[in-house]
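Using the sequences and the hints given, assemble the complete structure.
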Amino acid sequence: MNNMQKYFHSVMLDRDNCKGCTNCIKHCPTEAIRVRKGRARIIEERCIDCGECIRICPNRAKLAITDSPERLAEFRHTVALPAPSLYAQFGPQVMPRHILGALLDFGFDDYYEVAVAAHAVSGTLREHLSRPHPRPAISSACPAVVRLMQVRFPGLLENVVPVETPMEIAALLARARANRERGLKNNDIGIFFITPCPAKVTAVKQPFGEVSGVDGVISMSAVYGELLNRLDSPSARVTASLSPAQGVGWGRSGGENHAIMNHSLLAVDGIHNVINVLDEIERGGLRDIDYVEAQSCTGGCIGGPLVPQNPFVSRVRMENLVKKLSRRTPELPDLPADPNFYRLKRPILPLPTLKLSHDINRAIAMLEQVERISGDLPGLDCGSCGSPNCRALAEDIVRGYAETSYCVFKLREKLQLLAREIVDLSQMQPPAMGREQSGTGERQEKE
Amino acid sequence: MEMNFNVKGMDFNRAGEAAAKFKKALQLVGMEVATIRKAVIVAYEAELNIVIHARQGSLTLKVYSDRLEILAQDEGPGIPDIALAMQEGYSTAPPHIREMGFGAGMGLPNISKCSNNLEIESEIDV
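Each protein sequence line maps, in turn, to chains A and B. One rule links them: number in our numbering = place in the first sequence (from 1) + 158. One rule links them: number in our numbering = place in the second sequence (from 1) + 74.
These are computed hints drawn from the structure, not numbers from a lab. Errors might be hidden in some of the hints.
Said to hold, decoys possible - The calculated BS3-like cross-link candidates involving lysine-lysine, where the alpha carbons are at most 27 Å apart (straight line), are:
#1 A/K513 / B/K136
#2 B/K82 / B/K136
#3 A/K568 / A/K195
#4 A/K513 / A/K195
#5 A/K184 / B/K98
#6 B/K98 / A/K568
#7 A/K513 / B/K98
#8 A/K568 / B/K187
#9 A/K184 / A/K343
#10 A/K184 / A/K195
#11 B/K98 / B/K136
#12 A/K177 / A/K568
#13 B/K82 / B/K95
#14 B/K98 / B/K187
#15 A/K572 / A/K195
#16 A/K513 / B/K95
#17 B/K187 / A/K184
#18 B/K187 / B/K82
#19 B/K136 / B/K95
#20 B/K82 / B/K98
#21 B/K136 / B/K187
As the list claims (entries may be wrong) - Far from chain A, by Cβ distances over 12 Å, these chain B residues were calculated:
#22 K82
#23 G83
#24 D155
#25 A157
#26 L158
#27 A159
#28 M160
#29 S165
#30 H170
#31 I171
#32 L192
#33 E193
All of these numbers come straight from a predicted model, not from anything done at the bench. We put the beta carbon where it would ideally sit given N, CA and C, even for glycine.
Structure representation (structure tokens):
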């Protein structure tokens, strides 16, 4: 899909609400936003859909494009893929089976729990870590982190585990089940992920692998009210949840590591913290770590920009649910044993969006200019120019996207010079003018 | 194209800043991914050497279309035996530095591994 467009992004600007303030540009981890003509603009090739700007925008001018639940009508048979984080959004008495019942009552024909796929993926990860691999291996589960690496840490992409995400695995298994049990053709089946974040929307519309098995992505917040109302609905069917504790735990930071067990594991959450850890790995550090679970949102998926519940509340709900579930013996469905089933179908490639020019000599000359200009700028990083900091403005100037006069301090300097010049000029007079009122002076000079 | 960065001894909080700055510059130039990764390791290890062993020093990055040069200069005690310092695991870092997880004797060997050419000059008791 999207042949017309080079990049699909879930994170978009609401032009009417944007006031042109500079809050978002300063929080963007890839410096992908500029303010021009009083409105924010997202540099598409740099945006990683992490949703930091959605969180920070005081005017709610950043949106996540998701699929409308009306799209369910496009398919004969629809399957919901609830993200594990969905289970933590409700009250303490609400169990996964109640939520699944509400999803069916809402209009889905079936569901496939992503937590079940997460459990299966955990097994593949354990197997991957037991064999030689670049150290430390880095999780592929958070699409915002993977895109961050494509843009800012391309050298670390070889450390990313070549394993599909639980969402994609769940989609494959859900489709296979609908084919098998109901004799449905692929076109008749609509598979919808219930997402906590915009990055997953982008991961479906513009997948890392060849194609995504997911047909639509619906925001968790968009269906929350509907699900809440249907929890006690008399029409809600009694259904069963197969989710094991370890799979459900993937919904919060530390969950992947907990499911993998028995290795040297590191969990980091929050995109700016993730950047610090990736910096450390890039410098050659953390070789003693086997696996890095890195999640863009603070707290993990339960901290996603599209979840309805406060992440600290949902963390408690999730911990309690995981405790409850771990007392039971899970009755898992048959899961493919072949590790290749879980493998990423193609390598994740760098997105070199930062370079100044394709010609290296020209790029070196441009870098020299960037250095000179940025040394000349005030270094206050105020953001008034519409670029996130002085250095970024220097880059923008050299790329031709900005001018030195965008800097209010530089503009003021120029104005002061100009003002002085105007004063000087105003005191100069053409010879035909400036005769003194009376007295001596020129009269005596000579006729 | 040349970039300079001053490094202060014992300033662990800022260790890595020069390497990060160099990395950003090399990404703007569009150097190959593998080259950048090696340059980051060389710059970081050299930076850390100054932080651990020297009073002060500087890192210089020189960018050419076909190669990179990283120059580390510092004022410190000097390296009495360079061949010994090049051995993996050999370290003169004091115990309190090692407790911080630094000074494992891998600095110079790592620099050597990540560069095509490494030259070291040192004077003792200057």
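Hint check results:
With a C-alpha separation of about 17 Å, the suggested pairing of A/K513 with B/K136 holds against the 27 Å cut-off. For a cut-off of 27 Å, the pair hint linking B/K82 to B/K136 stands: about 21 Å separates their Cα positions. Restraint check: the Cα-Cα separation between A/K568 and A/K195 comes to about 19 Å, which is no more than 27 Å; the hinted pair holds. Restraint check: the Cα-Cα separation between A/K513 and A/K195 comes to about 25 Å, which is no more than 27 Å; the hinted pair holds.
At roughly 17 Å between alpha-carbon atoms, A/K184 and B/K98 fall within 27 Å of each other, so this suggested pair holds. For the proposed pair B/K98 and A/K568, the alpha carbon gap of about 25 Å is at most 27 Å, so the pair holds. A hinted pair counts as satisfied when its Cα atoms are at most 27 Å apart, and A/K513 with B/K98 qualifies at roughly 10 Å. Taking the CA atoms of A/K568 and B/K187, the gap is about 45 Å. The hint is violated against a cut of 27 Å.
Simply put, A/K184 and A/K343 have alpha-carbon atoms about 48 Å apart, too far for the 27 Å limit, and the pair is violated. Restraint check for A/K184 and A/K195: the C-alpha separation of about 18 Å stays at or below 27 Å, so the hint holds. As the CA atoms of B/K98 and B/K136 are separated by approximately 14 Å, the hinted pair is consistent with the 27 Å bound. Among the hinted pairs, A/K177 with A/K568 is consistent with the structure: their alpha-carbon atoms are about 24 Å apart, no more than 27 Å.
Restraint check: the Cα-Cα separation between B/K82 and B/K95 comes to about 16 Å, which is no more than 27 Å; the hinted pair holds. Taken as a hint, the B/K98 and B/K187 pair is honoured in the structure, with Cα atoms around 22 Å apart against an allowance of 27 Å. Of the supplied pair hints, the one linking A/K572 and A/K195 holds, its CA atoms being roughly 22 Å apart against a limit of 27 Å. Among the hinted pairs, A/K513 with B/K95 is consistent with the structure: their alpha-carbon atoms are about 15 Å apart, no more than 27 Å.
Restraint check: the Cα-Cα separation between B/K187 and A/K184 comes to about 38 Å, which exceeds 27 Å; the hinted pair is violated. In summary, the hint linking B/K187 to B/K82 is supported, as the alpha carbons are separated by about 25 Å, within the 27 Å threshold. A threshold of 27 Å between alpha carbons decides the hint, and for B/K136 with B/K95 the separation of about 13 Å falls inside it, so the pair holds. Taking the CA atoms of B/K82 and B/K98, the gap is about 21 Å. The hint holds against a cut of 27 Å.
For the suggested pair B/K136 and B/K187, the alpha carbons sit about 19 Å apart, so the restraint of at most 27 Å is met. Even its closest Cβ contact with chain A, about 18 Å, leaves B/K82 beyond 12 Å, as expected for a residue assigned away from the interface. Listed as outside the interface, B/G83 is consistent with that label: its C-beta sits roughly 19 Å from the nearest C-beta of chain A, beyond the 12 Å cut-off. Once the 12 Å rule is applied to beta carbons, B/D155 is consistent with being away from chain A; the minimum gap is 24 Å.
In this structure B/A157 is separated from chain A by more than 12 Å, as the shortest Cβ-Cβ distance comes to about 23 Å. For B/L158, the non-interface assignment is confirmed: its Cβ lies about 22 Å from the closest Cβ of chain A, beyond the 12 Å cut-off. Here B/A159 stays apart from chain A, with its beta-carbon at least about 18 Å from theirs, past the 12 Å limit. The non-interface label for B/M160 is consistent with chain A: the shortest C-beta to C-beta separation is roughly 17 Å, beyond 12 Å.
A cut-off of 12 Å between C-beta atoms confirms that B/S165 is not in contact with chain A; the least separation is 16 Å. Listed as outside the interface, B/H170 is consistent with that label: its C-beta sits roughly 19 Å from the nearest C-beta of chain A, beyond the 12 Å cut-off. Listed as outside the interface, B/I171 is consistent with that label: its C-beta sits roughly 16 Å from the nearest C-beta of chain A, beyond the 12 Å cut-off. No beta-carbon of chain A comes within 12 Å of the beta-carbon of B/L192; the shortest separation is about 16 Å.
The non-interface label for B/E193 is consistent with chain A: the shortest C-beta to C-beta separation is roughly 21 Å, beyond 12 Å.
Consistency with the previously given hints fails for numbers 8, 9, 17, ordered from lowest to highest.
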